[in-house]
Amino acid sequence: MDTLLTADLAANAPNFRRRTSTYVDAIHDLPEKESMAPAQLYSTESGRLFHSGRIVIATVGLPARGKTHTSVALARYLRWLGVKTRIFHLGDYRRAHVGQNGDVPEDYFFVNASTSSVLLRNKILKKCREDIFNFLNHENGQIAIYDAVNPLCTGRRALAKEFEKQGVHTLFVESVCTDERIIEENVRSVKISSPDYIGWEPEDAVKDYLKRINARIPHYETMEESELHYVKMMNAGQRVVANNCAFNYLSQRIVFYLLNLHIKSRQTYFVRAGTTRDEDSYKADASLSGEGQDYAHKMADTLLAHRESERQNLIKHGAPESTALKPLTIWTSTRRRTVETSEYLAGLGYRVRQRSQMSQLNPGVCEKMSERRIREQYPDEVAKHEQDPYHHRYPRAESYHDLAVRLEPIILELEREQNDLLIIAHESVLRVLYGYLMACSATAIPSLSFPRDEIIEIIPASYNNQAKRISIPGLPDRLVPGSPEDISIPVPPSEMGSRIGSGAVSPMSGLGTPVLHGSPGRGTQTPEGSGREGGQLPLRRQAPTSEPRG
Amino acid sequence: MPPPPPPTSAPQENGQAEQYKPNLRKVPQGDFMRPATRTRMSSHSKKTNGVGVQVEETRICVVMVGLPARGKSLIAQKVVRYLDWLSINAKCFNVGSYRRTATPQPAASFFDFSNTEGERLRKAAAEAAVNDMCQWFRSPGHLIAVLDATNSTKSRRRWIKERCDSEGIETLFVESKCDDEELIMANIKEVKTTSPDYVGQDPEEAAKDFRERIKMYERVYETLDEDEADMTYCKIIDVGSQVIINRIQDYLQSRVVYYLMNLHIKPRSIWISRHGESEYNLSGQIGGDADLSPRGAQYAKLLPGLVSKSAGDRPLTVWTSTLKRTAQTAHNLPYEKLSWKALDELDSGVCDGMTYAQIEAKYPQDFAARDEDKYNYRYLGGESYRDVVIRLEPIIMELERSENILIVTHQAVLRCIYAYFMGVSQEQSPWMEVPLHCLIKLTPHAYKTEEERMSADVPAVSTWREKGSKAEHAQTPGPSARASPMIGAMSK
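Protein chains in written order, with the UniProt record's numbering: chain A, 1 to 550; chain B, 1 to 492.
The hints are simulated quantities; they were obtained by calculation from the structure and are not laboratory data.
Check before you lean on any hint, since a few could be wrong.
[As the list claims (entries may be wrong)] Okay, the calculated bits of chain B under chain A, using three or more residues with CB under 8 Å as the criterion:
1. 236-247
2. 251-257
3. 260-268
4. 344-352
5. 383-395
Think of the CB as a built atom: it goes at the ideal place given N, C-alpha and C, for glycine as much as any other residue.
Next up, chain A with everything else stripped away, as it sits in the complex (with noise of 0.2 Å):
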């Protein structure tokens, strides 16, 4: 068994993402072309954030010490800020040389290893530094992520001039563990789900683990060198150094990033605010209708049901009677109707905040004009529009482009937040945020839709993350996927539906099909599981009709 599973994982993983879907978390996709990330600040003709240079983060560290976890991490952060990012993981290479089922001699990772050992280890080596070089030179990739476990303090300082002599700037972060018990959690969390270890008790599969790596790598020296940039982070995150970090604006990002990371795990879920009143005006911001209200009292009586199952599967699964779940934190935005649809959880004592930033986009003159007249009035914005409906700007409306770069801190605090999250906002907030978990290229998430009768699960994991859906029982039809408030910005007709899941689904379709929740286990379920025909998540929006909407 290799010390890094991840190609593993990657290809035998069950919800390998398909391209063309954006339920599946496409954070170890390459982008089929150019085009602008989610919260890109602009767009230069190289394709790189021109006030900061190229970077090599290179990761340090034993394996099961939760590299992998910071490397995915990173990449997903840095893409949605539009950074060209691609994490290399040596361990790919490693395997790629020596086969499927072939191993690397015992010897490979001691210091006085064979000639022939050396040798090999050279040659894995050459061969992924060429390609980050490549990546970084003549595909004008700014960050390319090495993932290996450089052990040598010897080594890293070869690496960093090496890059140096390039141009580029080496990052090490290095993960470190002095507390066992995390250590522990890691191998039986992401290692010994592997084919070697069937059949096994888990202790004796962790323990033989360690061993294993403790024979493999038996030299290991933590990073000291104060003339190298690197982040160090001690258990989790308990503890950071940061040496020679400032040395431009990625670096800085990076490690407040870093700061924020933790590798505990914790559900993420989004629901819709309940439909207002009769006023589906932006800047009216209207309170809830009585059918808004009702929805905000299913909508939490779903979830909370639906968390005390969970809570019962675990106790079922061994845990003891006393288990309880991470507490639940409910986000809303300062918009009436996402206060008051969280109103009914707050009077059951769930902690409430509100996040000003959390506003739906803003629709500029579309502010309650039907999708007819926009086009009549404004056909050349339409047709920019359709041509790239995700950094098109109506006339003082924002993107959602705008919207994702006014959403960073939120993607921040997220990480951070250690509790189970319950977000309630505007689609358009939504889409956005749900994007950035789950990778969804720019393109893609204009069109993302979330009917009202779902609960959106996310589902963290070290090395991709899962949606899951909670369907919301009985909500009158009229509910479901048409939005009221919803505006009525045109999205381009089915052409784009070809490159997104299922095709231009109709969101009715989705409707009143209840989720299968076979076994509520915890990350068990996927919405590809669920066999739902056309309900798929999230779907395409609804295509354009030429009439006003209700």
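Following the hints, complete the assembly by docking chain B onto the known chain A.
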């Protein structure tokens, strides 16, 4: 499950009437960055409500640690100003000023740790400051205090931590450790010769005495280390070349630490200007996305000369908003340009494109409400000054990290940025006069930000409206660069 509460309000028949209700909504203080909720240990479980929801807000005491002349006071002040600007109620408690009430101008020997009388007085000053701080924390909404002192020994720090623990206040120790002689000397010169401890003394003598004092501290100084691994701390070594961050508990703490990491001390200036006079300025309308007026275009033409006269050949980056009038104003500037959505003018919602007179006629209550509390007043469907500050926060962070920047933006946004650098209060900042066709240069120094205004000498309307007045945009005939009435009071 308890029965659902009754609907808070019955649906109204008349949607129109509802829509035009005055819409003054106060955002709770410090809403933006309140620490994330956390459940406490079981010993506090009686405070939770049974559904695992955390009850109280976190209160944090930021405890400065470091030898004299390591920039502690500067850091303390900047942190307080930054948090204040974000509406997080913060206050600095300077132990030195408590000590001075007993010993206004002590000689270096006072700080000799074998001087028992000095030691006693210094401990008394620390106790008085900490007592006052704990008292201050008892008021609701008081979230962050900065304890500015050397706190150079482990026992002193442990004492502070225990004291705060007993009050339910979290501690974040911030150590500034610096061995760079040059930096220390610069600090001694710039700051300490102006310290109240040395008022009226010969600067040379003062500096010498001060170095003696530092030596006294050096003898007993203990840096934060492994013995204190249970504490939350941030240790900044040699102005950020290494930063050690230990046991950060929540988002607010990480935010403070990130802010500290972005501070630099390289000399630089920030130039800010409003866009040139726009067509809407002429007609007295607010908001919109209008073109420049001919006089505005004239300003755009003169701006490069004005900037180069002030900035010389320093490298500059220009930031504009996404609205036409700022892009047109910056058009002739020969520098790299970035346009930020976050620099767009305050969104006036339903009032966008109206004149003040029209607003007063159509929404008289709102008009009055806005005058009452302009900072918190959120235009129906639009933004308040508070909202603008929140969206400007990343801009401020990037400004702290950057060197020379020229910002071309709008009146409300400029007021908010200016308020950050000059420490203008929330009551004052929305009323501040910022004339058109005037370039403002801000140069941050250790204890204050220096301001210089340069007029382009192009006449423009005045868009400044005094509190309570209905002033339509008036014509100002001459140079419009007269200083705002409160500038003097604003520099801290």
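Verification of the supplied hints:
{"no.": "1", "hint": "236-247", "in the structure": "holds (count 8)"}
{"no.": "2", "hint": "251-257", "in the structure": "holds (count 3)"}
{"no.": "3", "hint": "260-268", "in the structure": "holds (count 3)"}
{"no.": "4", "hint": "344-352", "in the structure": "holds (count 4)"}
{"no.": "5", "hint": "383-395", "in the structure": "holds (count 6)"}
Comparing the model with each earlier hint shows no violations; every hint is respected.
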